[in-house]
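Line by line, the protein sequences are chains A and B. 394 is the number that the working numbering gives the last residue of the first sequence; the numbers go up by one with no jumps. 397 is the number that the working numbering gives the last residue of the second sequence; the numbers go up by one with no jumps.
Derived coverage of chain A by chain B (criterion: at least 3 residues anywhere in the stretch with Cβ under 8 Å from a Cβ of chain B; other residues may be distant):
1. 15–29
2. 320–327
3. 379–390
Cβ-Cβ distance ranges computed for the label pairs, FRET-style:
4. Q98/B x E43/A: 38 to 48 Å
5. G87/A x R150/B: 43 to 53 Å
6. Q98/B x T68/A: 46 to 56 Å
7. E103/B x E43/A: 35 to 45 Å
8. L18/A x R366/B: 21 to 31 Å
9. L19/A x G22/B: 16 to 26 Å
10. T14/B x L19/A: 15 to 25 Å
11. H77/A x G148/B: 51 to 61 Å
12. R106/A x N205/B: 41 to 51 Å
Think of the hints as simulated: they come from the structure by calculation, not from any bench. All values reported here derive from a predicted model rather than from experimental measurement. Note that beta-carbon positions come from the ideal geometry of N, C-alpha and C, so glycine has one too.
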Amino acid sequence: MNRRVIRAVGLSVFGLMLLAGFVLLMVRSGPLAPVRVTTAVLERGAFENAVFGIGTVEAERAYAIGPTSPGRILAVHVDVGSEVRAGQLLAEMDPVELDARLAASRAASARAVHALESAGAQVRDAEVRQELAGRNARRYASLGERAFFSDAAVEAKRQEADSAGAQLQAVRAQFDAARMDLQRLDAERVAVERQRANVRLVAPVAGVVTARDAEPGTTLVAGQSVLRMVDPASVRVRTRIDQGRSGGVRAGQAASIVLRSRPGLTVPGKVSRVELNGDAVTEERIVQVVFDEPPKDFAFGELAEVTIATSRGADVLAVPGAAVHEHGGRRGVWTVSDGATAFVPVRTGEASLDGRTVVLEGLQAGDRIIVHSERELRAGERVAVVESLEGTRR
Amino acid sequence: MISLAGRDILHHWTKYVFTGVGLGLLIGVTLSMAGIYRGMVDDAQVLLRSSAADIWVVQQETLGPYAEPSSVRDDAYRALRGMPGVADAANVTYLTMQIRQGERDVRVMAVGFEPGRSGEPPFLVAGRGVVRSHYEVVADLRTGFRLGERIRIRRQEYEVVGLTRRMVSSSSDPMVFLPLKDAQEAQFLKDNDAIVNERARTAANPGLNRPGVPGLLDALLASQTSSRSVNAVLVKVASGHDAERVAENIRRWKHLEAYTWRQMEDILVSKLIETSARQIATFLVILAIVSAAIVSFIIYTMTLGKVRELAVLKLIGTRNRTIAAMILQQSLGLGLIGFVIGKTVATLWAPYFPKYVLLLPDDAVRGLAATMVVCAIASLVAIRVALKVDPATAIGG
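Turn these sequences into a full structure, and let the hints guide you.
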């Protein structure tokens, strides 16, 4: 009898314990359980912000070198990677008939010189003739007055003198024409010489050849490039910054650049220019960032990650960005009071790259807010504050 | 008054409890099955909740972006934002893909969103949200990614900066949230080989690679690699406006398909998971029938095992009502034990299911009621047998 009572009591106690465990399990897990959250206490402090963008390494000054008239390439003297001086011959176009035309031009010029000389001699001859005729005419005229010669003979001599004057005029005009001819042919010769020089493609500045677009024998139209070169002194990172964050970017701000080819290495630089033109399609602002000291080896067109330090404040109230939620159409944070949640609308300012958001209105230093939560919160929900949620079961 | 049922149970308590445990495991499976169904529906709705949108604007004549592929130009949102009743419009992309993590592949749904807009993860369990416009992700806990881990999606490496929970696609793939521009690139930009091949193909086309038009080929090649599409635009309706009206307006004037919350829920819940849900429901019904059958068999055999005792009871003049009450009490007790065990094991093993198991308290209450009713009905056969026992059996053979 006694043993039976003990057994009954034991079983009941065991059963009650199991039931209690069951109830506890139901309350501690599943939908009835309090939401586990992590919290943070607000403090005023330093706030540094930066913006992030990606860009490509480019040269600000790039040159495409090619012929100004259609033609075929005769020779290309440099290759990709060659360092060239200003004025160095880089490539030559086939002059085709230009050399022959130049020879013709030169010959014509030389011939014109001779023609000019001959015209000069003719002028001198005409001058002498005219002088003689003049003298004869004067002599006949004075002798005619004393009636040694008939009037007809005197007039014939005067006509001879006038005619010699006219001849001189004509020969002088011919001389002028020959001089003009010489000028014209000289100019033509210079033009052909210039054309001949133009088929030589020379470097406009000192730089590095980045592309060789055509090989000897290729026929090109005017404006097509044979070589491309850049001025390596003008290397910069053309960075695209999201328009929504580009507000604080100014020329002169410090930047850190990470090239894709060397992910672990941060290269210092600074903003050299904030372009006035943004990209309307990608909604980005273009910012030029220069290296403080250009890295030794890099590739043009290489991807780079750029972080630009924009603003800093000393006494700023900031919350972790994960704490800011949108609830009922308003932005705000959740706070805990008496183990239950409450929503506090706040006005937020800029968000920093380390994930903090400036609070302009709505909270004070010392307030305790919910940062992470196990699920979306509702007003008045019971919460249990824990250290970390990272080990949460899925 | 001595409790006959209690006495009898006390006598064979091990047998009784073990039977209860067995029944409990069966009920646990049934509850889990119901939980799996609830989980599937919840998975579908989680997508809607995490989007935090009132209207989904997608490609015309598609059921996108979850049920069908949809592609919308990514500047469509500007036109939508200017429409009456639209408070905000945000681009999103969705792409189911595999991400390599060490030795294993993780199947995820990559969501491209604009930080600070609709479509971002509504809460985090660790870390911070995405603040850079590139190369940062927030991942669901189920992906197994850790904070600070670097993962590779297509051609870029991303850092996991935040973790969230219960963010899954309708097929239970955990989500990874990444900045929109990166997601567009991952989704629409081809791999390097494809780009090179495409370039060669274009260059080989004499109509596109014309002599005498320098720059034409370059321009064409550049236009081929741009990725300017998104899968959907999430629209928030301004307060005081009717979502259905706004959606109708969008459909009419923007030549895009617009779904309100209700329509999208309908697509996700009744169209996308309908077959699997029906499968689960069928299983659930079968399990319920099997449980009921097993309960009645157990009660029946337990009663048959006590024929002699019942005959003695009858012989000493115990009333039928008392005997029936004893069997009913035992049956209900068995059901109660089974339910408690079932609910406990279901709660304990639920997190280890590969799919989300949602055990609703309402379902538990309904399950308890059903168990009790089934046990009561199951005891009827046993009661009938007990009442038919001939008192003479107590004395005879």
